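Chains A and B, in that order, are what the protein sequence lines are.
Numbering-wise, the first sequence is residues 0 to 217 according to numbering that gives the first Met the number 0.
Numbering-wise, the second sequence is residues 0 to 217 according to numbering that gives the first Met the number 0.
Honestly, the hints are just simulated from the structure, not real lab data.
For clarity, every value in this text was computed on a predicted model and none was experimentally measured.
Heads up, some of the hints might be wrong.
If several chains are the same, the list does not tell them apart, and a pair holds so long as it fits within one copy or across any two.
To be verified - Here are the simulated lysine to aspartate or glutamate pairs, DMTMM-like style, with alpha carbons at most 20 Å apart:
| no. | residue 1 | residue 2 |
| --- | --- | --- |
| 1 | K206 | D35 |
| 2 | K206 | D12 |
| 3 | K206 | E8 |
| 4 | K131 | E181 |
| 5 | K131 | D177 |
| 6 | K206 | E193 |
| 7 | K131 | D113 |
| 8 | K124 | D113 |
Protein chains: 2
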Amino acid sequence: MNPILSVFETSPDRGRGLARDMRVRWALEEVRQPYDVRLVSFSALEEPAHRARNPFGQIPTYEDGELSLFESGAIVLHIAEQHSGLLPVDVTARGRALAWIFAAIDTVEPPIFDLDIAGIVEGGKPWHAERKPMLEDRVRTRLRELAAWLGERDWLEGEFTAGDLMMVTVLRRLQGSDLLGEQPGLAAYVARAEARPAFSRAFASQKAVYDNAEGRSA
Amino acid sequence: MNPILSVFETSPDRGRGLARDMRVRWALEEVRQPYDVRLVSFSALEEPAHRARNPFGQIPTYEDGELSLFESGAIVLHIAEQHSGLLPVDVTARGRALAWIFAAIDTVEPPIFDLDIAGIVEGGKPWHAERKPMLEDRVRTRLRELAAWLGERDWLEGEFTAGDLMMVTVLRRLQGSDLLGEQPGLAAYVARAEARPAFSRAFASQKAVYDNAEGRSA
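From just these sequences and the hints, can you work out the full model?
Structural data, given as structure tokens:
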């Protein structure tokens with residue numbers, strides 16, 4: 000039995016791989032674990048069957064035998080623990096990878112998410128023009144700090160880990176803004192990650208779901 | 000050699016235990032691991048010595064022998080992995096605890112943090128009165144969903160885990176707002192956690208740091 004991943008039936012990012020199932024797909028491809036997909040419509044996010052899998056009504060969810068998981072970070076970490084290749088065994092190196100997983104989600108993503116959401120939810124409000132530069136500066140600060148750490152490294156701690164996987168999916172949310180381009184080292188880091196075969200396979204899988212949904216509704 | 004935790008020399012929360020070192024102190028008390036503290040001033044957060052420990056200039060940081068860690072979530076998880084009592088051994092129960100650690104940081108905390116920060120940074124802006132109810136409603140949604148999950152349970156998954164520890168520290172940021180009181184089940188959950196002896200010891204330790212700093216500067 001393959002694990003089952005719940006994903007949007009029609010992703011709001013139009014197949015650009017920005018929804019949080021992309022992290023899990025990528026991790027599964029890195030460790031060569033086949034999986035099945037359950038397509039979830041927006042209305043189904045509210046239904047008891049989905050809420051039982053995720054109390055907050057989000058995707059992705061992940062079921063593997065008796066284990067039912069939610070939160071993309073937890074799912075990626077679980078996969079990294081169950082397979083080799085994404086999390087070092089050495090306790091010190093493992094700790095560093097954990098630090099980057101949490102830095103991606105808890106320090107770098109929040110200002111990027113806030114900027115994104117403000118554009119969507121408050122883009123038409125009179126104050127958005129004044130708030131936007133403030134939100135962008137918060138993002139710039141984190142990108143500058145991250146770029147300073149990365150320096151000439153290929154990956155955050157030498158070898159590619161789940162920490163890089165999480166960080167790159169966070170930085171990819173900046174597609175369409177100029178902020179990532181202001182830090183060429185980070186743009187190159189994202190490009191290096193996107194060139195991994197596992198990333199390409201994951202990206203193609205999620206894009207196929209979106210393209211199929213479009214085809215059915217045409 | 001005890002592990003060393005970096006904390007604010009003078010916490011902006013005036014000793015209410017809302018800074019992120021509280022999570023780590025609590026985890027260390029739960030597993031009965033003694034630790035030493037390094038006091039960091041705000042200006043020292045910018046210095047190379049601190050940036051080497053945390054590229055984003057935040058507290059807490061954690062050093063244990065060769066391992067230098069940052070991100071409170073990663074530190075708590077590391078402690079939970081190194082000692083028994085905070086993370087179940089069974090792979091299914093462990094996965095559930097991971098899900099709640101990430102739910103606390105990635106789903107419940109962001110709207111609480113946004114509400115908090117908006118009051119501090121944008122409290123004087125003309126738009127704050129219109130944005131505040133919107134931010135409060137985002138918090139309400141997450142609290143309602145969390146309360147629905149918790150129901151009559153004492154803890155999120157039966158036994159107290161690092162997931163509860165993280166979630167409670169997130170909910171405690173709502174001190175001083177009425178939002179937590181709107182969900183009596185969650186308020187009782189926080190009170191239940193605060194009644195744990197390990198929480199009390201951790202709270203007293205961080206409060207002593209603040210009280211000492213005040214004494215010195217009087």
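Hints versus structure:
1. K206 / D35: within (15 Å within a copy, 50 Å between copies)
2. K206 / D12: within (10 Å within a copy, 46 Å between copies)
3. K206 / E8: within (11 Å within a copy, 50 Å between copies)
4. K131 / E181: Answer is within: at 17 Å inside a copy they meet the 20 Å cutoff, but 32 Å across does not.
5. K131 / D177: within (13 Å within a copy, 29 Å between copies)
6. K206 / E193: Close inside one copy (14 Å), not across copies (46 Å); limit 20 Å.
7. K131 / D113: both (10 Å within a copy, 15 Å between copies)
8. K124 / D113: both (15 Å within a copy, 18 Å between copies)
In this structure, none of the earlier numbered hints is contradicted; all agree with it.
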